[in-house]
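Here the protein sequences line up with chains A and B, keeping their order.
Each step along the first sequence adds one to the number in this note's numbering, with nothing skipped, and position 158 is 158.
In this note's numbering, each residue's number is its place in the second sequence (first place is 1) plus 1000.
These are computed hints drawn from the structure, not numbers from a lab.
Idealized CB from N, CA, C, for every residue including glycine.
One thing to keep in mind: the hints can contain errors.
[Stated by the list, open to error] Rough simulated footprint, nothing fancy, chain A against chain B, three-plus residues with beta-carbon under 8 Å:
| no. | stretch |
| --- | --- |
| 1 | 1055 to 1068 |
| 2 | 1174 to 1188 |
[To be verified] Pairs of lysine to aspartate or glutamate, EDC-like flavour, derived with a Cα cap of 20 Å:
| no. | chain 1 | residue 1 | chain 2 | residue 2 |
| --- | --- | --- | --- | --- |
| 3 | B | 1124 | A | 54 |
| 4 | B | 1212 | B | 1155 |
| 5 | A | 185 | A | 54 |
| 6 | B | 1212 | A | 54 |
| 7 | A | 181 | A | 102 |
| 8 | A | 253 | A | 69 |
| 9 | A | 181 | B | 1256 |
| 10 | B | 1096 | B | 1155 |
| 11 | B | 1124 | B | 1210 |
| 12 | B | 1209 | B | 1060 |
| 13 | A | 253 | B | 1220 |
| 14 | B | 1212 | B | 1093 |
| 15 | A | 253 | A | 71 |
| 16 | B | 1209 | B | 1220 |
| 17 | A | 253 | B | 1110 |
| 18 | B | 1124 | A | 40 |
| 19 | A | 181 | B | 1110 |
| 20 | A | 181 | B | 1260 |
| 21 | B | 1209 | B | 1110 |
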Amino acid sequence: MLFGPLRGQRGWCMGRNNAHWFALPAVALLGLFLLYPFLDVLRFSTWDWSGLSEPRVIGLENYRNILRDPDFYSSLRITLVFGIMTLIPFVILSILLALALDGQPYERPIKALLFLPGLVTLGGAAVAWYTLFSPEYGALASVLPVPRWDQSPFWALVLIMLFTIWRHIGYGVLVVSARLKAIPKTLLEAAAVDGATSAQAFRFITLPLLRPAITFLVVIGTVLTLQGYTAVFLLTRGGPFGGTEVLGYYLYKTGFEVGRLGYAAALTVIILLLTLAFALAQARLLREEK
Amino acid sequence: MRWLGHLLVFSVALLVALPFIWMAYAAFIPPEAVFSGDIFGQLGFSLANFEVLGRGGFWEGFWGRLLFSVLLTGGVTLLQLTTGFLAAYAIKEGFKVLPFFLVLLAIPVELLLVPLYGLLVSLKLLDTLWALVLPFAASPFIVYLLFQGMRTVPEELLEAARLDGAGHRVLLTRILLPLLRPQLIAAGVLAFAAHWNLVLYPRIVAGSKELKTVQTWITDLQRQNPADWGPLSAAALAATLPLIIIYLLYERRIVETFEEGLKG
């Protein structure tokens, strides 16, 4: 089958050259189902289209409407608030945990545990969170008071923040920890010999050397926050009162619940541009601070 | 200072484990305890929640959906490993296509809902099994991971085999496949988890009953009976356990693969 046409080669030299055929399935599939849709979104964004209807070309009308859409701005604001609320504790916790874990006998099993939530069935995890944290009737509510996140947008965002950190903390710790292990121990020993306290050593040696890892986490975290919607879909569906409608969820809702796919395509383009702008700005900012 | 570190680690570990512990506990709660609201008062053990899951037709009920999802995601994982393995081999053999895959790595798949939907409509694949398979039959991430693994295979080894007259097929199946077993396992678990955890995509492109994934099935149940925790938790546990077991079996490899990837 796949090996058929290659079997009758003359000599290994041809064989080496012919090896490019082996990349064909991956290249073709990814070209069609990843690269092409990625570029095609521009074409869809100029359509007035519900998915079922005949598409109508309307030029830049969708973009004009988005820039006048109050729902877009409110969801942009929610996304930014959520991003700041999540990223700061996420990065700090990743650093602290990586430091506390470094070289401890329990480092391996704890890292394994922290990594687990990122892999397990999302829908199942959401069920566990939902039944555990439901206000009034939830399992925790029978032990201690749980804030009414079904009524307060702020607490709903807190819930989604906790869920997001829960899912990704293992990865964050791994990123910082890998960087931490790359710092030569002799550097810290030399500082100790020169009379630096451990706080000073951390401030002037460890922290600056962790900067690439922190930059990486901040950029990746921003990208994920700007584009994520799964946690919102599973836990709050944008509620209460639209208070957790982050950009990604707004995109899903307008596209597939309201049925305005052209508009959603234009939203996709805008989210991509925002992501790119944010990621570049952060990467530059964090690099220049040196 | 040291004890503060221990305290932090163990309180975070407890909080991370809490939803799992609760999931395992709630799955076996007797139904009466849920309705009386006295969850922790009487310690009971009951399999009633799992019996509820078995009701209705098999193929459209929970167990049928679980089986369907395992087969679907397992198949997709095998496809991804195959296409990725072959592509990594082509790169290893000097075909300069790595930049193409690295660029694709930066494309956020989660944001492609709309154009992918449009593509599937024009290919007439909407609401077919192919909609759940083809877009995931290859992954730039898996290609990258497997290529990283192949880089560690010494060139002399392949050279010697070639001089002995080994063709592509022998190199691939007799030499590289066994050598790359650890990377294939780690990549396979990650690919499995990624496809298994698609939530919105399957709902949009393949919503019909016989194509529903277990993920969608659970979310639907949660929407219909949000107060019926027992069966919900039982379903959550049964759908999560396979992944936990696979992960625990290969945990060391997976974490190491990630750490290696971060160094590169």
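The hints, checked one at a time:
Using a Cβ-Cβ cut-off of 8 Å, 0 residues of the stretch 1055 to 1068 of chain B lie near chain A, which falls short of the minimum of three, so the contact claim is violated. Counting residues of the stretch 1174 to 1188 of chain B whose CB lies closer than 8 Å to any CB of chain A gives 0, so the stated coverage by that chain is violated, three being the minimum. As the CA atoms of residue 1124 of chain B and residue 54 of chain A are separated by approximately 15 Å, the hinted pair is consistent with the 20 Å bound. Restraint check for residue 1212 of chain B and residue 1155 of chain B: the C-alpha separation of about 46 Å exceeds 20 Å, so the hint is violated.
Taking the CA atoms of residue 185 of chain A and residue 54 of chain A, the gap is near 66 Å; set against the 20 Å cutoff, the hint is violated. The suggested pairing of residue 1212 of chain B with residue 54 of chain A is violated, with an alpha-carbon distance near 28 Å, which exceeds 20 Å. For the given pair, residue 181 of chain A sits about 8 Å from residue 102 of chain A by alpha-carbon distance, which is consistent with the 20 Å threshold. Proposed proximity of residue 253 of chain A and residue 69 of chain A is supported: the alpha carbons are some 14 Å apart, at most 20 Å.
Distance hint between residue 181 of chain A and residue 1256 of chain B is fulfilled; the C-alpha atoms sit about 13 Å from each other, no more than 20 Å. Between residue 1096 of chain B and residue 1155 of chain B the alpha-carbon distance is near 17 Å, which keeps this suggested pair within the 20 Å criterion. Note on residue 1124 of chain B and residue 1210 of chain B: the hinted pairing holds, with a Cα-Cα distance of about 18 Å set against a maximum of 20 Å. Proposed proximity of residue 1209 of chain B and residue 1060 of chain B is supported: the alpha carbons are some 7 Å apart, at most 20 Å.
For the given pair, residue 253 of chain A sits about 17 Å from residue 1220 of chain B by alpha-carbon distance, which is consistent with the 20 Å threshold. Among the hinted pairs, residue 1212 of chain B with residue 1093 of chain B is inconsistent with the structure: their alpha-carbon atoms are about 41 Å apart, more than 20 Å. At most 20 Å may separate the alpha-carbon atoms for a hinted pair to count; residue 253 of chain A and residue 71 of chain A meet this at roughly 12 Å. Restraint check for residue 1209 of chain B and residue 1220 of chain B: the C-alpha separation of about 12 Å stays at or below 20 Å, so the hint holds.
Taken as a hint, the residue 253 of chain A and residue 1110 of chain B pair is honoured in the structure, with Cα atoms around 14 Å apart against an allowance of 20 Å. Between the alpha carbons of residue 1124 of chain B and residue 40 of chain A the distance comes to roughly 17 Å, so the proposed pair stays at or under 20 Å and holds. Simply put, residue 181 of chain A and residue 1110 of chain B have alpha-carbon atoms about 32 Å apart, too far for the 20 Å limit, and the pair is violated. Restraint check for residue 181 of chain A and residue 1260 of chain B: the C-alpha separation of about 12 Å stays at or below 20 Å, so the hint holds.
As the CA atoms of residue 1209 of chain B and residue 1110 of chain B are separated by approximately 24 Å, the hinted pair breaks the 20 Å bound.
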